[in-house]
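Let the sequences and hints guide you as you build the complete structure.
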Amino acid sequence: MRKRSWWRPRAWRFGAAALVCIGLTGCSRQSILSDHSKVTHDIGLLWWWMLGAAVIVFFGAVLLLVVAFLKRRVPGLPILGEREPVAQGMVLVFGIAVPLVALVVLFAFSDVYLENVTAAPAADTTSMTIDVIGHQWWWEVRYDGGRAITANEIHIPVRTRVNVVVTTADVIHSFWVPALNGKIDMIPGRRNHELLDASQPGVYRGQCSQYCGLQHAHMAFLVYAQPMAKFRAWLANQERPAINPTGAAAIRGKADFMNDQCASCHLIAGTQAQGYIGPALTHLATRSTLASNTIPNTPTWLARWIHDPQAIKPGDRMPDLGIPPRQIRDIVAYLDELK
Amino acid sequence: MATTIEPAAQRYVDELAAVWAERKGVLGWLTTVDHKRIGIMYFFTSLAMFACGGVEAMLIRTQLIGPNGHVLSPAAYDEVFTMHGITMIFLFVIPMTTGAFGNYLLPLMIGARDMAFPRMNALSYWIYLGSGIFMYFALATGHAPNAGWFDYVPLASKQYDPGNNIDFYGYGLIFNGIASTMTSINIIVTVFKLRAPGMSLNRMPLFCYAFIAASVALLFALPVLSLACVFLELDRELGFQFYVAAKGGDPLLWQNLFWIFGHPEVYIIILPAFGIATAIIPTFTERKMVFFPLVALSEILVAFLGFGVWVHHMFTVGFATATYIYYAAASLIITIPSAVQLFAWITTILTGTPRFKTPMLWIIGFIVYFILGGLSGITLAAIPFDTQVHDSYYVVAHFHLVIFGAAVFPILGGMYFWFPKLTGRMYHERLGKLSFWLTFLGTFVLFMPMHIVGILGMPRRNYTYPAHVGWTLLNFIETIGGYITAAGLVLVVLNLAHSMRHGEPSGNDPWGGDTLEWSTTSPPPPYNYPVIPTVSSPYAMWDTEDRERDNRRLARGEGLLPVGHRTPTSTAQDADIDEIASMPSSSPWPPLVALSLFGVFAMLLLDHYWIVVGFLAVLLLTVLGWHQGAAAHARAHEVVPAPETGTPHE
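If you're matching them up, the sequences are chains A and B in order.
So our numbering is basically just the index in the first sequence, starting at one, shifted up by 103.
So our numbering is basically just the index in the second sequence, starting at one, shifted up by 997.
No wet-lab data here; the hints were simulated from the structure.
Careful: at least some of the hints might be erroneous.
[As the list claims (entries may be wrong)] Derived DSSO-like pairs: lysine-lysine, alpha-carbon spacing no greater than 27 Å straight-line:
no. : chain 1 : residue 1 : chain 2 : residue 2
1   : A       : 174       : B       : 1354
2   : A       : 174       : A       : 333
3   : B       : 1430      : A       : 174
4   : B       : 1354      : B       : 1244
5   : B       : 1244      : B       : 1155
6   : B       : 1244      : A       : 174
7   : B       : 1430      : B       : 1285
Okay, structure coming up:
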């Protein structure tokens, strides 16, 4: 009997409410309708207007089909278009005149007016520039031409026009933070750019949206929009070289890191680790996730990641290095101090 | 053929039957050049391909039923979604529409006895079969293409994809393109030159207009894809740099070339569906199509305009705004001829006396999904909105509504519609309706939530997704919709397979159809029509006087052309009789030529260039053999210049 409770009205109401919530209010952290910048506000508005018009057109056309169906049952129904010129007139009106008006309005608003508002910003209208470089399968983020290098997390000051210049180190990726702006492709040989201008503080999820190989699914990142003071403090810290470890395990871990193959792929500013293949780890402990927003940045997950990255992200460029567990613990202790 | 046939005429019909008799058994099928048999082979092969693509789709949906799925490994997922796209477009829809429907129906509909180039027709089938085997050999051995059906470089370059996977794609599509090119040439020449006397262009069924439009588009679009694939293989195999940015090439060259082909391709896929809809609607509304000339013009305009919109696939690559505005405008304009056709169908249904039999139901479903897919397509021409939903599930929803809901539904409706013509039997009506409603419902549940999940930011082509982003429930619903759709499709196949042997006899014309094919027997004899019909309107079957005159001519033994494989050719515009062409009969060369071509491409793939040269030599020999046969044939049956069928109008 318990199974039946699903069919009770209350269960249905709950289900319907959940659907509406998920579907429309943007509970998702990656919705394009979350209205956190002027651009997404305008695009969201455009969407609702288009949806409204589409609903009218759809039900209008379906109504004609329903009438055609009912006509068989209700003989006395007056039928429009019995005469050929009337039928042809309907095709001209609904097939040409009405769409033409609707399309001209849509074109003028979205492709002429709004496209010019949302198009990539002129460099002199923005107050700072961030370089984002796509890699298989993570994001390199550079501030001030490389004075601070981080990965998979982008911090921006809120209510500030930030020019994001996107390029790629390998294949085509696409940079997309749905809550803040549309996407822009990262293409070899091209420097594309896009505006990020968050109207309120928050953490926004972004994700690669051009298929880029095996781990395209695990190539996400977070954008932290912060008040200017907080952002400045963060950036000042990122620009510093890595601190020297103090704990015994961390000191051993640093030596292991430099002696194992870690240093050949990763950068830790201020040490001899100057690799460029993997993400910079100079301030890894300030980041909230690992492996391009795939797992949380906790000592346990970090240890698991170093032990067997291929189990978490099959095909990833980080190989299983076969580092003994004790060394992994030390390396984790070291990286955990890189605040 | 209700009237009694004079004994003299019966002798002619017997002669026709003897002359056109097809060889029995496997050898008969291997060497056939009969457009109906080739159409049937196309039908079953592309149906098998549809099943493969469908299984791939179900694997994808099962993987995505919940977050962090483990049904497929990332590598397997990439191969499966790539093969799903390649299969559905190149190995299912194009061969099913042009190869199966076009081949089987066009000659019947225009009153011809075969396609214009019967042996080339057979060759295109065997090449198509070869390319399908080529591609599926890749999947079976775990080397299937894995960079998406759009195959963007540099992901598809040797550097990032060093195996043979992409070479299967490059060579396979060039190979496959030969078949489609030949089919489209054949369709164009057949429809322009083999129409029955009196079937001037303004009396040609709209179905033929749609297939002409699709074939012309195919003919112009395919060379671009083949060229792009040649560049790709030169880059991969010989170190050329067409697409290598670091050496002065440009990866966007691939994208431009691919979509110059790829967007017309979308219309090539849907135009035959338009044609099927315009064939089914008049029959089931007992009314001529509203605004025939405007609908014909719209079909052609769609194919033409389809060549000018490709950059709307590239709104996020960072071209100048002015460029984008042009392509957005062009993309919006294409709405007009589509809307004209849409409202011509709706108005015809509204002002006719519709009968909602199974084929008609599929057309209603088609109209509903064409409206939905069309509307979501319009939203994608709004560039700012497109930069948000581009490469998200919103786009997946849009083009599946158009390609599955709008292009495949008429194919399924057409299967039910012409099933009695092919088999002489009726399908099961109630099961047919059930199969429609299951598929219709499943399609809705499968694709409508994808719009929402796309708006919630879910990108395409991800083998999995995390639990915390809010996509789980919608993906679950989509997968259930996928299973319902699959059940509906399985029911279609079961219904038709069972009815093939056990259905009620249907007679020649169970629907009161409007086009010529309903006037001949079901299934049609190898020569299609004993008497070459004459035509005086696009609804030839409803011109009962014309058909009765055909019967009287048959009774008198007029217009039979009983000597050799003969069919009249006619002038391109007015369809006046031009001359009597002598058609080839069965030939072993088409499958042999296709086999040697298969060898060429297989060895190219394996980099055995000397063996390639060997196979090219074999190919040359087979072509020579073909030519010898053709020369002997020409000597035996010289072309008859003077019409002997009598004037079209007595």
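Here is what the structure says about each hint:
A threshold of 27 Å between alpha carbons decides the hint, and for residue 174(A) with residue 1354(B) the separation of about 16 Å falls inside it, so the pair holds. Restraint check for residue 174(A) and residue 333(A): the C-alpha separation of about 69 Å exceeds 27 Å, so the hint is violated. Only pairs whose Cα atoms come within 27 Å are accepted, and residue 1430(B) paired with residue 174(A) is accepted, the gap being roughly 20 Å. Only pairs whose Cα atoms come within 27 Å are accepted, and residue 1354(B) paired with residue 1244(B) is rejected, the gap being roughly 61 Å.
Note on residue 1244(B) and residue 1155(B): the hinted pairing holds, with a Cα-Cα distance of about 15 Å set against a maximum of 27 Å. Distance check on the hinted pair: residue 1244(B) and residue 174(A) sit about 67 Å apart at the alpha-carbon level, beyond 27 Å; violated. Proximity of residue 1430(B) to residue 1285(B) is assessed by CA-CA distance (about 25 Å); at most 27 Å being required, the pair is judged to hold.
When held up to the earlier numbered hints, the structure conflicts with 2, 4 and 6 and fits the remainder.
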